[in-house]
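Number of protein chains: 4
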Amino acid sequence: MQRKIRFSAVAVVFGSCADRYVLEGYSPKKSFEEMMESAKKVADLEGIELVGGWHLTSRNAREVVKKVEDFGLRVSVIIPELWSSAKWGLGSFAARDKKIRQDAIDEVKRAMDLARETGCNIVAPWFGQDGYDYSFQANYIKAWDLITEGLVECADHLPDVKIAVEYKIKEPRTHCFIGTVGKVILLTKEVGRDNVGVTLDVGHALEGYENMAESVALLKRFGNKLFHLHLNDNYRLWDDDMIPASVHTIEMLELLYWLDKTGYDGWYSLDIFPYREDGQRAATEGIEWIKALFKIIDKIGKEKIEQVIEQGDATNASALLRKALTENL
Amino acid sequence: MQRKIRFSAVAVVFGSCADRYVLEGYSPKKSFEEMMESAKKVADLEGIELVGGWHLTSRNAREVVKKVEDFGLRVSVIIPELWSSAKWGLGSFAARDKKIRQDAIDEVKRAMDLARETGCNIVAPWFGQDGYDYSFQANYIKAWDLITEGLVECADHLPDVKIAVEYKIKEPRTHCFIGTVGKVILLTKEVGRDNVGVTLDVGHALEGYENMAESVALLKRFGNKLFHLHLNDNYRLWDDDMIPASVHTIEMLELLYWLDKTGYDGWYSLDIFPYREDGQRAATEGIEWIKALFKIIDKIGKEKIEQVIEQGDATNASALLRKALTENL
Amino acid sequence: MQRKIRFSAVAVVFGSCADRYVLEGYSPKKSFEEMMESAKKVADLEGIELVGGWHLTSRNAREVVKKVEDFGLRVSVIIPELWSSAKWGLGSFAARDKKIRQDAIDEVKRAMDLARETGCNIVAPWFGQDGYDYSFQANYIKAWDLITEGLVECADHLPDVKIAVEYKIKEPRTHCFIGTVGKVILLTKEVGRDNVGVTLDVGHALEGYENMAESVALLKRFGNKLFHLHLNDNYRLWDDDMIPASVHTIEMLELLYWLDKTGYDGWYSLDIFPYREDGQRAATEGIEWIKALFKIIDKIGKEKIEQVIEQGDATNASALLRKALTENL
Amino acid sequence: MQRKIRFSAVAVVFGSCADRYVLEGYSPKKSFEEMMESAKKVADLEGIELVGGWHLTSRNAREVVKKVEDFGLRVSVIIPELWSSAKWGLGSFAARDKKIRQDAIDEVKRAMDLARETGCNIVAPWFGQDGYDYSFQANYIKAWDLITEGLVECADHLPDVKIAVEYKIKEPRTHCFIGTVGKVILLTKEVGRDNVGVTLDVGHALEGYENMAESVALLKRFGNKLFHLHLNDNYRLWDDDMIPASVHTIEMLELLYWLDKTGYDGWYSLDIFPYREDGQRAATEGIEWIKALFKIIDKIGKEKIEQVIEQGDATNASALLRKALTENL
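Residue numbers (the working numbering), protein chains in the order written: chain A, 1 to 329; chain B, 1 to 329; chain C, 1 to 329; chain D, 1 to 329.
Any given hint could turn out to be false.
Repeated chains share a single entry, so a pair holds when one copy, or any two copies, can fit it.
Below, in silico cross-link-like pairs of lysine-lysine (DSBU-like), each with a Cα-Cα straight-line distance of 30 Å or less [what the hints assert, rightly or not]:
| no. | residue 1 | residue 2 |
| --- | --- | --- |
| 1 | 220 | 142 |
| 2 | 30 | 142 |
| 3 | 142 | 189 |
| 4 | 99 | 29 |
| 5 | 295 | 189 |
These are calculated hints, taken from the structure and not from any lab test. None of these values were measured; they are calculated from a predicted model.
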């Protein structure tokens, strides 16, 4: 099978990952240059995904982008700053405060401007703070109205820049509005703009009890809406942001197959939090897994896989995977 | 607040519930008459939901309906037989076998005919067997095509009979295609018929990490598609089919509030599996909970609740509920 | 590495699996002879685990055992009938009714007698019905007293027959008393008899968010208490009883490694529910997976694995597994 | 029923809660004095639980304790600093590095010294960093040996100061060694010191699919080992650290009943993370819930509750709770 995989990584992979207990991070703080220095050493890595608020602000954006390019990398995607400062604690696009909402919309527009400037032409907003924690805390209908309106305004700002909405069922809110593949597809339909699609994050799908391959298939069926992809893994109950394929090896294989099958041509971007690992090595390992699994797919061959899928015989499917992963020792 | 609640129960509540270990059921088998005898004794119960295959077949349907009426009850909803015999093991509307698919569609049409005859005018198909268990076992896109086509055919069969599709994320398949509120709304949009809507089952929503109130709100927003309701409770990881409100008391309160708020006027139907309980007493208890929680809502008053929702202040929301549930001792 | 794996399967694998919806089973009923005919054809299968109530009763026990042997197989383990009839609905060893409790104890003793007669010398009681569903329904302390006393009585009945208690966190009760590896080890300590140990079921461990390898290690550390093993797989939230390694391939590898490392010398027994699959093929596939994964372990070599464990470096661990599973294509 | 509830709160309740996205915290940083100023205003709050590393260090400990007392509060419990700095990223008591292990042990000893000085006489170590994230990353047996040895050393340091080990199934590691009530009881048995017991955190129990009342009962049965209690709530899949009773109202009622029944006489300490709420109001609300639920228990009366538990009749149990929570409107 002929395919060209473009690998990317969220810049945070190369920084010092923190959690709510170790706020200083599990490893020494690094300058952005040091992070790019690490990234540069990862074989096959071409793109860097920048997180607004953490890696770039409206002030330093151009300078940061230049630094990325100085290290032989390019900006793959820009993530607008909608979830990393206290300001958004009660929501961004769906905030009750009109001023906050407008700031959020402006933040996405600025990210879009920058995306056009850098040539990546894609932003990936994540409405992680738009949700609720307790019963009787949210007006669900109004929230959807506001998120839809905000996205329409952004989409129309620059119709040639893609907006790839990332969905997630929980965290940082106990419930996020745009939580599942079904909901995010509904949202793209409601927005009704060609440049508004979806970012599928493997771990987010898993913690919503989704099978990633199925989610990719649905995104294809409902308007070819898979614009961007975040790779990682977890134990299905939380967004552990681990090295891809380290837990769900076979489901990852199926995901990769369906990406191929549906003609996905975007980035394969690592979104992992290597709290206790070295970022450069973890990123390398993640890319090696993806490449190795694609080789397994090619080893089996598209025809045999399609045959197994068409039959729907679980034992045959299992045998095919088992042989591909364990034979010719 | 003025409302008229019509209570119903799935007939199985009054039978002998079995699971995969105790296939004979946890209590002695009962005749249908004995089941109705029990149902009749449940205060405020008006409707009985009949499950195709278990309580009625195309052959005995009219006779069964008459029996229900003889006991002073009426048929609330008819559930087509799409998941209780081995025939559907590999799917109903999405089965690979064309003959099976057509049988499934015909089953729904027959249920619709009967629903019109009985005057209940609503059927609740559940595609529990349409899904997959293993990776590389399903063609997700084709499955959606088939389910959509089948539903269109059914919807056009009798446009004045409602089809309330019940969604569920897992069981009996490890993954069911029509699994979440987002997906089922997408399905109704794809089908595009006024008589095709949704059955919300509380336990199914909970095991998909949904907040039921939010799901009701979305069903309202996207076409007023809540056609039917199944009440029960569980521990959020499996469809335990327990007495409603026995675990998630406050989320149940919020659900009831949003049913009111969105003008839901369908049945409040108990879908519990009282494996080790007496069905009549368990049903009575479930209805008592719902009535009691509506009284709590009225005690607080719509205005105060709306105020709390509009504020979005979690502590205020908590205090309101706490006081309503625990004060005036 | 030199090891002798003895494969076994629960007899139900070769029957017609039912669930709470399709009570007749997903495939035609089979006679016990037909089941053994299938089992006989599974390469490397030596043992059959018999479930009391389903496959043998106190009346037909000797006859059934003979049939197993006529097919060239032998009884690996006997599972006492404590959970497959309505009688135990409110508990077996922990039932409130003293008569029921004594019947349950007698059932285990009879199974022990038979285990000695057949020479397998091991029974695997599972207290699936001993638990609770609702709050305020159980006296937890009393339940533990009763289970402990019952086990002491059984243990002393035949000290040379092993009792391998199987633990499970939920199903058929929403909460089972003997639910986790920690609890079952506590139980063995409380019982304090050499012939009382544990059955580890992979799927039960997974649905309790256990890592199976860790559970094996703890069973080793606390008295070498792993007496028996059930192999299967699931999606971590429910006991889906799937083909082993079909979901959690890498965790299964780690489990097998620790079984070796801790010197486990009991049966490798398949406890799967191939509802929609052919039992013979599914069992064969399960055994092939285990054999293939042991080859992967041998390919890597004990030394390298120990090294990786001692380092505790996640990226190295990942790389080792990746290479073993995907290289030399 | 006569009881004296002593309420406490973890100091963090009154600070600025951060998560891995909003590292600066969701509200403005507060000085310790400001935090105590808030705490002081919470009706019925007597104790403050101090977290090593966050609120006190070996250097400022005495000064901090004095400040607490200046505000009319007292130190309820001291949590040793074993999980809030990068140093412990690969473990504390179970770290591979001997120096780190000794530092961790010394940290607990220092906390014990301070606990004696302040008169609270109790420390609550939490081994959150002692665990693993990936397969083949841990030597589970060795880890238990090390944790046991470390605790013995600490226990013997000051036999009159209680060590209340807090267990948690996951976070910050994807798997923590001391993860469930069963495991922590095993640990206390292995350590075998009278001054080593357990801290039960409601949310930790819930995310391990425990029923808190059952966990309290087991801690009673196995040595009267419940030394300390953390109150909060969550949605059962993650440690959301919400206001207690806001989700699992009825399970909280049952917990409180069993605390009474088993004679628990320690602190009722709030361990919530009010990211987006005002700490003072959230703490007040939490205490109000506990007081209100105890009133419900008293309203029902011990006799009736015991009767319901002894019967084990789920419908009766449900009715009792329903009436207590919703009648006399």
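Next item on the list: Would you pick out the hints that fail for this structure and give their numbers low to high?
Entry: 2, 5
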